[in-house]
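K.L.:
Below are the chains, spelled out letter by letter.
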Amino acid sequence: AQSVTQLDSHVSVSEGTPVLLRCNYSSSYSPSLFWYVQHPNKGLQLLLKYTSAATLVKGINGFEAEFKKSETSFHLTKPSAHMSDAAEYFCVVTQTGANNLFFGTGTRLTVIP
Amino acid sequence: EAQVTQNPRYLITVTGKKLTVTCSQNMNHEYMSWYRQDPGLGLRQIYYSMNVEVTDKGDVPEGYKVSRKEKRNFPLILESPSPNQTSLYFCASKEEAYPYNEQFFGPGTRLTVL
Numbered sequence: 001a002q003s004v005t006q007l008d009s010h011v012s013v014s015e016g017t018p019v020l021l022r023c024n025y026s027s028s029y030s031p032s033l034f035w036y037v038q039h040p041n042k043g044l045q046l047l048l049k050y051t052s053a054a055t056l057v058k059g060i061n062g063f064e065a066e067f068k069k070s071e072t073s074f075h076l077t078k079p080s081a082h083m084s085d086a087a088e089y090f091c092v093v094t095q096t097g098a099n100n101l102f103f104g105t106g107t108r109l110t111v112i113p
Numbered sequence: 001e002a003q004v005t006q007n008p009r010y011l012i013t014v015t016g017k018k019l020t021v022t023c024s025q026n027m028n029h030e031y032m033s034w035y036r037q038d039p040g041l042g043l044r045q046i047y048y049s050m051n052v053e054v055t056d057k058g059d060v061p062e063g064y065k066v067s068r069k070e071k072r073n074f075p076l077i078l079e080s081p082s083p084n085q086t087s088l089y090f091c092a093s094k095e096e097a098y099p100y101n102e103q104f105f106g107p108g109t110r111l112t113v114l
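Protein sequence lines, in the order shown, are assigned to chains Y and C. For the first sequence, the numbering used here assigns the number 1 to the initial residue and increments by one for each residue that follows. For the second sequence, the numbering used here assigns the number 1 to the initial residue and increments by one for each residue that follows.
Bound-form chain Y, shown alone:
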């Protein structure tokens, strides 16, 4: 069985400070993991993905995530938040051989000027 838990429904940071959005997953087999971002009234856009290559994955807009198998985590980070980062972020898991994605419930990121 697969599932994703996003540990915070809402995160608020000041502009220029680090961002940490937490995600834990459960998967019976080798997972593929993604982070998607959804800006207000927009569709979802892929930020980055992990597919069993390097455990530290770099994405667009300065975001990165580290796959930690021992902790079953895939937390999203960014060194310095920008106002344009304000959006909802979804952690997603699937597994080899499967074609359905399991989404977390989302984390809304607010960036304070």
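For the record, the hints were derived by calculation from the structure and aren't laboratory data. Heads up, some of the hints might be wrong.
If you want the footprint, here are the derived chain Y segments under chain C, 3+ residues with CB under 8 Å [what the hints assert, rightly or not]:
1. 44-54
2. 103-110
Okay, derived cross-link-like pairs now, EDC-like style, lysine to aspartate or glutamate, Cα gap no bigger than 20 Å in a straight line [unchecked claim]:
3. Lys49/Y with Glu66/Y
4. Lys49/Y with Glu79/C
5. Lys42/Y with Glu1/C
6. Lys17/C with Glu79/C
7. Lys42/Y with Asp38/C
8. Lys49/Y with Glu102/C
9. Lys71/C with Glu1/C
10. Lys69/C with Glu1/C
11. Lys49/Y with Glu96/C
12. Lys18/C with Glu30/C
13. Lys58/Y with Glu102/C
14. Lys42/Y with Glu96/C
15. Lys18/C with Glu1/C
Sample of chain Y residues with no beta-carbon within 10 Å of chain C, all distances over it, derived [unchecked claim]:
16. Ser26
17. Ser28
18. Gly62
19. Ser73
20. Asp85
Don't be surprised by glycine CBs; every beta carbon is placed ideally from N, CA and C.
Using the hints, position chain C against chain Y.
P.N.:
Okay, now just chain C, sitting in the frame of chain Y:
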């Protein structure tokens, strides 16, 4: 421009009145999928299609139908909509049915069933 389009973007209807939400992609993608997004629940998959004439149920298929007669189109059909189908719907596609391929999402259709 490579994109996934959905129509209509907004729809208000009444219980029991059949409706169709269209989805079209111009990237020659084999895999297409429908999701619904509800507050506090994230996105949940309704149906997916790995290629023409091949469709399969996702996590929440009850009350929905789909068809895939052409590669580019994947309409979502609600034969008898009910208020619990009020939601934000997203269509998505990806190049092949490999789990690690990126999905491209449409802009969403906000459906209200009264």
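K.L.:
What are the numbers of the hints that this structure violates, sorted from low to high?
P.N.:
4, 10, 12, 14, 15
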